[in-house]
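**Student:** Numbering (this note's numbering), first residue to last: 1 to 527.
Some clues are possibly wrong.
Stated by the list, open to error - Pairwise CB distance ranges (calculated):
1. Gln-70 / Asp-300: 36 to 46 Å
2. Gln-25 / Phe-442: 51 to 61 Å
3. Gly-397 / Gly-374: 26 to 36 Å
4. Lys-83 / Asp-217: 19 to 29 Å
5. Asp-300 / Val-9: 14 to 24 Å
Unchecked claim - Mimicking DSS-like on lysine-lysine, the simulated pairs with C-alpha atoms at most 27 Å apart in a straight line are:
6. Lys-313 / Lys-199
7. Lys-192 / Lys-8
8. Lys-192 / Lys-313
9. Lys-313 / Lys-278
10. Lys-205 / Lys-176
11. Lys-8 / Lys-167
12. Lys-205 / Lys-521
13. Lys-313 / Lys-448
14. Lys-69 / Lys-40
15. Lys-308 / Lys-464
16. Lys-517 / Lys-176
17. Lys-91 / Lys-205
18. Lys-209 / Lys-199
19. Lys-176 / Lys-115
20. Lys-459 / Lys-192
21. Lys-391 / Lys-140
22. Lys-205 / Lys-83
23. Lys-517 / Lys-115
24. Lys-37 / Lys-62
25. Lys-169 / Lys-313
26. Lys-459 / Lys-423
27. Lys-169 / Lys-40
28. Lys-69 / Lys-8
29. Lys-83 / Lys-176
30. Lys-72 / Lys-192
31. Lys-527 / Lys-91
32. Lys-167 / Lys-192
33. Lys-223 / Lys-521
34. Lys-130 / Lys-140
35. Lys-66 / Lys-40
36. Lys-72 / Lys-37
37. Lys-223 / Lys-209
38. Lys-199 / Lys-169
39. Lys-295 / Lys-464
40. Lys-62 / Lys-40
It should be emphasised that the hints constitute simulated quantities derived from the structure, not laboratory data.
Quick reminder that beta carbons are idealized off the backbone N, C-alpha and C, glycines included.
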Amino acid sequence: MIRVSNIKVPLGFDFGDLWGLCVRQLKIPEKSLISVKLSKKSVDARRRSDVHFIISVDISAKGEQKLLKQLKNAVSVEEYIYKVSQVSAEKPPVVVGFGPAGMFAALVLAMADAKPIVLERGQDVDSRVKAVENFQNGGKLNPESNVQFGEGGAGTFSDGKLTTGIKDKRIQVILKWLVEFGAPEEILYLAKPHIGTDKLRDTVKNLRKRVIELGGDVRFGAKFDGFTTENGCISSVSYTDESGQHIIETDNLVLATGHSARDVFEMLHHKNVDMSQKSFAVGMRIEHLRTDIDKAMYGDFAGNPALKAADYKLAVHLPDGRALYTFCMCPGGEVVAASSEEGRLAVNGMSCFARDAENSNSALLVNVTPEDFGSDHALAGMYFQREIEEKAFIAGGSDYSAPVILVGDFLENRLSTEFGRVKPSYRPNVKFAMPHDYLPDFICRSLKSGIVEMGQKIKGFDDKDAILTGVESRSSSPVRINRNEMLESLSVGGFFPCGEGAGYAGGIISAAVDGMKCAEKIIERFK
1 MIRVSNIKVP LGFDFGDLWG LCVRQLKIPE KSLISVKLSK KSVDARRRSD VHFIISVDIS
61 AKGEQKLLKQ LKNAVSVEEY IYKVSQVSAE KPPVVVGFGP AGMFAALVLA MADAKPIVLE
121 RGQDVDSRVK AVENFQNGGK LNPESNVQFG EGGAGTFSDG KLTTGIKDKR IQVILKWLVE
181 FGAPEEILYL AKPHIGTDKL RDTVKNLRKR VIELGGDVRF GAKFDGFTTE NGCISSVSYT
241 DESGQHIIET DNLVLATGHS ARDVFEMLHH KNVDMSQKSF AVGMRIEHLR TDIDKAMYGD
301 FAGNPALKAA DYKLAVHLPD GRALYTFCMC PGGEVVAASS EEGRLAVNGM SCFARDAENS
361 NSALLVNVTP EDFGSDHALA GMYFQREIEE KAFIAGGSDY SAPVILVGDF LENRLSTEFG
421 RVKPSYRPNV KFAMPHDYLP DFICRSLKSG IVEMGQKIKG FDDKDAILTG VESRSSSPVR
481 INRNEMLESL SVGGFFPCGE GAGYAGGIIS AAVDGMKCAE KIIERFK
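Using the sequences provided together with the hints, build the complete structure.
**Tutor:** Spelled out as structure tokens, the structure:
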């Protein structure tokens, strides 16, 4: 098969006519073609006067070696076939957490007939949706089942981005599995694929059903609370549910709890598991009108039916050595209440598949390093996050209302009193507050200077009516659970720290890849 890249086509191109494109534009003899498939599609909006698509196609044809010499930007490619060895497990491996890392670890282990047991402290996705909606409508926070905890992990209530900076052959396998479980087929070829929170919910449910069909056991409302060792290796895992505490004898534990399971971090530290401080980032969410961002990114092409809501990615390096960057941009989305602990407030971003909500939002994050923590304690970064979230909770009125301010007022050091063209999307409520009331001075300084500089890169980014909502504090884990080349904990054999919470991933795809890798190591142990 031949992959031809960097093909320019207009926004009005008929993607049902890829065959004709190969014949007319690539000059491939029609009689030699066997099949043509779209393998990549991206928007090129670098020039607002000429917005178009750049695509790649995979071609099967007679005489491919000859064609390779004739075509520009062409390479030979082979489809990667993922295979899992069958094993016989005397004791079932245990997977703690059913976010992306835990889901794909469990799936691979189930495919190997290892019959994994999954412990998820939160609820199944349908019950979880009800708990989140109740909280957003002013109800009580459920610390065990919320935007952070439950089936699908934090990604279930996000934009469902599938972009990643890593290169790994497993990525295409993951994308194909996701489509099989209900994700849109376009994620297989879009340069910036996303599923959307609405479609992710059915997708994770179908993945769970497959794990169970293959012999896995998924237990919701099962809170991991400890483990025992024998000769330096995992010997059992304990968890608590509504009926009490339970013990599972196991030789293999995949810990994929995500970056918000702070009680787990504390338990591991108490057990002297080797952990270290890790840099992360803190900031706020910025909201603009979706139509304003579309216009800024697409110019006169904004509103073209071939284009989806515009996204952006920005980063600026500041004179003091800090950096401000956008993260988890949600076109046509909303800012969501992401708290998981009582008395602490955090926000995140979320979009449905259509990305057609009134506002577009993104995290604006400032890098935070261990030097900022004020302590060499392994969990100092976590305590740093907690302190900020507690102050944000108070600034918002101590009822999970989020503290907000208009960009123009923030830049002028005055407290906002009314909204302009942009209205906040956060629920249950918002309250005007100065960011200095809950964010460290260095973060406020970086936000101010960085927003102005970003306004020079995207017209209107520093619009005075844009809204800043605090606080975004859960961008990544504040700790790393150290592991060796076999992906096992440095402290405990058979213990596999995995995914974002362990400090080895940064998004749905990289977490899923890490989950697969940990499962593969366990399969090697069984063999």
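**Student:** Look at each hint and say if it fits the structure.
**Tutor:** Results for each hint:
At about 37 Å, the beta-carbon gap between Gln-70 and Asp-300 stays in the expected band of 36 to 46 Å. At roughly 53 Å, the beta-carbon separation of Gln-25 and Phe-442 lies within the given 51 to 61 Å, and the hint holds. For Gly-397 and Gly-374, the hinted distance range of 26 to 36 Å is satisfied, since their beta carbons lie about 28 Å from each other. For Lys-83 and Asp-217, the Cβ-Cβ distance of about 24 Å falls inside the hinted range of 19 to 29 Å, so the restraint holds.
For Asp-300 paired with Val-9, a C-beta distance near 19 Å keeps the hint of 14 to 24 Å intact. A distance of roughly 24 Å separates the Cα atoms of Lys-313 and Lys-199; the hinted pair therefore holds under the 27 Å criterion. Between the alpha carbons of Lys-192 and Lys-8 the distance comes to roughly 17 Å, so the proposed pair stays at or under 27 Å and holds. The suggested pairing of Lys-192 with Lys-313 holds, with an alpha-carbon distance near 12 Å, which does not exceed 27 Å.
The suggested pairing of Lys-313 with Lys-278 holds, with an alpha-carbon distance near 23 Å, which does not exceed 27 Å. This hinted pair checks out: Lys-205 and Lys-176 have alpha carbons roughly 16 Å apart, not beyond 27 Å. Between Lys-8 and Lys-167 the alpha-carbon distance is near 25 Å, which keeps this suggested pair within the 27 Å criterion. Restraint check for Lys-205 and Lys-521: satisfied, since their Cα atoms lie roughly 26 Å apart, inside the 27 Å limit.
Only pairs whose Cα atoms come within 27 Å are accepted, and Lys-313 paired with Lys-448 is accepted, the gap being roughly 18 Å. A distance of roughly 22 Å separates the Cα atoms of Lys-69 and Lys-40; the hinted pair therefore holds under the 27 Å criterion. At roughly 25 Å between alpha-carbon atoms, Lys-308 and Lys-464 fall within 27 Å of each other, so this suggested pair holds. With a CA separation close to 17 Å, the supplied pair Lys-517 and Lys-176 stays within the 27 Å bound.
Between Lys-91 and Lys-205, the direct Cα distance comes to roughly 26 Å. Compliance with the 27 Å bound is thereby established for this hinted pair. Among the hinted pairs, Lys-209 with Lys-199 is consistent with the structure: their alpha-carbon atoms are about 16 Å apart, no more than 27 Å. A hinted pair counts as satisfied when its Cα atoms are at most 27 Å apart, and Lys-176 with Lys-115 qualifies at roughly 23 Å. For a cut-off of 27 Å, the pair hint linking Lys-459 to Lys-192 stands: about 22 Å separates their Cα positions.
Between the alpha carbons of Lys-391 and Lys-140 the distance comes to roughly 19 Å, so the proposed pair stays at or under 27 Å and holds. This hinted pair checks out: Lys-205 and Lys-83 have alpha carbons roughly 23 Å apart, not beyond 27 Å. Restraint check for Lys-517 and Lys-115: satisfied, since their Cα atoms lie roughly 17 Å apart, inside the 27 Å limit. A hinted pair counts as satisfied when its Cα atoms are at most 27 Å apart, and Lys-37 with Lys-62 qualifies at roughly 16 Å.
Annotation: proposed proximity of Lys-169 to Lys-313 holds, straight-line Cα distance about 25 Å (limit 27 Å). At roughly 19 Å between alpha-carbon atoms, Lys-459 and Lys-423 fall within 27 Å of each other, so this suggested pair holds. A C-alpha spacing of about 16 Å is found between Lys-169 and Lys-40, which places the hinted pair at or below 27 Å, so the restraint holds. Taken as a hint, the Lys-69 and Lys-8 pair is honoured in the structure, with Cα atoms around 20 Å apart against an allowance of 27 Å.
Restraint check for Lys-83 and Lys-176: the C-alpha separation of about 14 Å stays at or below 27 Å, so the hint holds. At most 27 Å may separate the alpha-carbon atoms for a hinted pair to count; Lys-72 and Lys-192 meet this at roughly 24 Å. Between Lys-527 and Lys-91 the CA atoms are separated by roughly 13 Å; this keeps the pair inside 27 Å, and the hint holds. With a C-alpha separation of about 15 Å, the suggested pair Lys-167 and Lys-192 falls inside the 27 Å cut-off, and the hint holds.
For the proposed pair Lys-223 and Lys-521, the alpha carbon gap of about 25 Å is at most 27 Å, so the pair holds. A distance of roughly 12 Å separates the Cα atoms of Lys-130 and Lys-140; the hinted pair therefore holds under the 27 Å criterion. As the CA atoms of Lys-66 and Lys-40 are separated by approximately 23 Å, the hinted pair is consistent with the 27 Å bound. Under the criterion of a C-alpha separation no larger than 27 Å, the hint pairing Lys-72 with Lys-37 is consistent with the structure, at around 18 Å.
Our distance criterion of 27 Å between C-alpha atoms is met by Lys-223 and Lys-209, whose separation comes to about 21 Å. Straight-line distance between C-alpha atoms of Lys-199 and Lys-169 comes to about 25 Å, which keeps the hinted pair within the 27 Å bound. Between Lys-295 and Lys-464, the direct Cα distance comes to roughly 17 Å. Compliance with the 27 Å bound is thereby established for this hinted pair. Our distance criterion of 27 Å between C-alpha atoms is met by Lys-62 and Lys-40, whose separation comes to about 23 Å.
Comparing the model with each numbered hint stated earlier shows that all of them hold.
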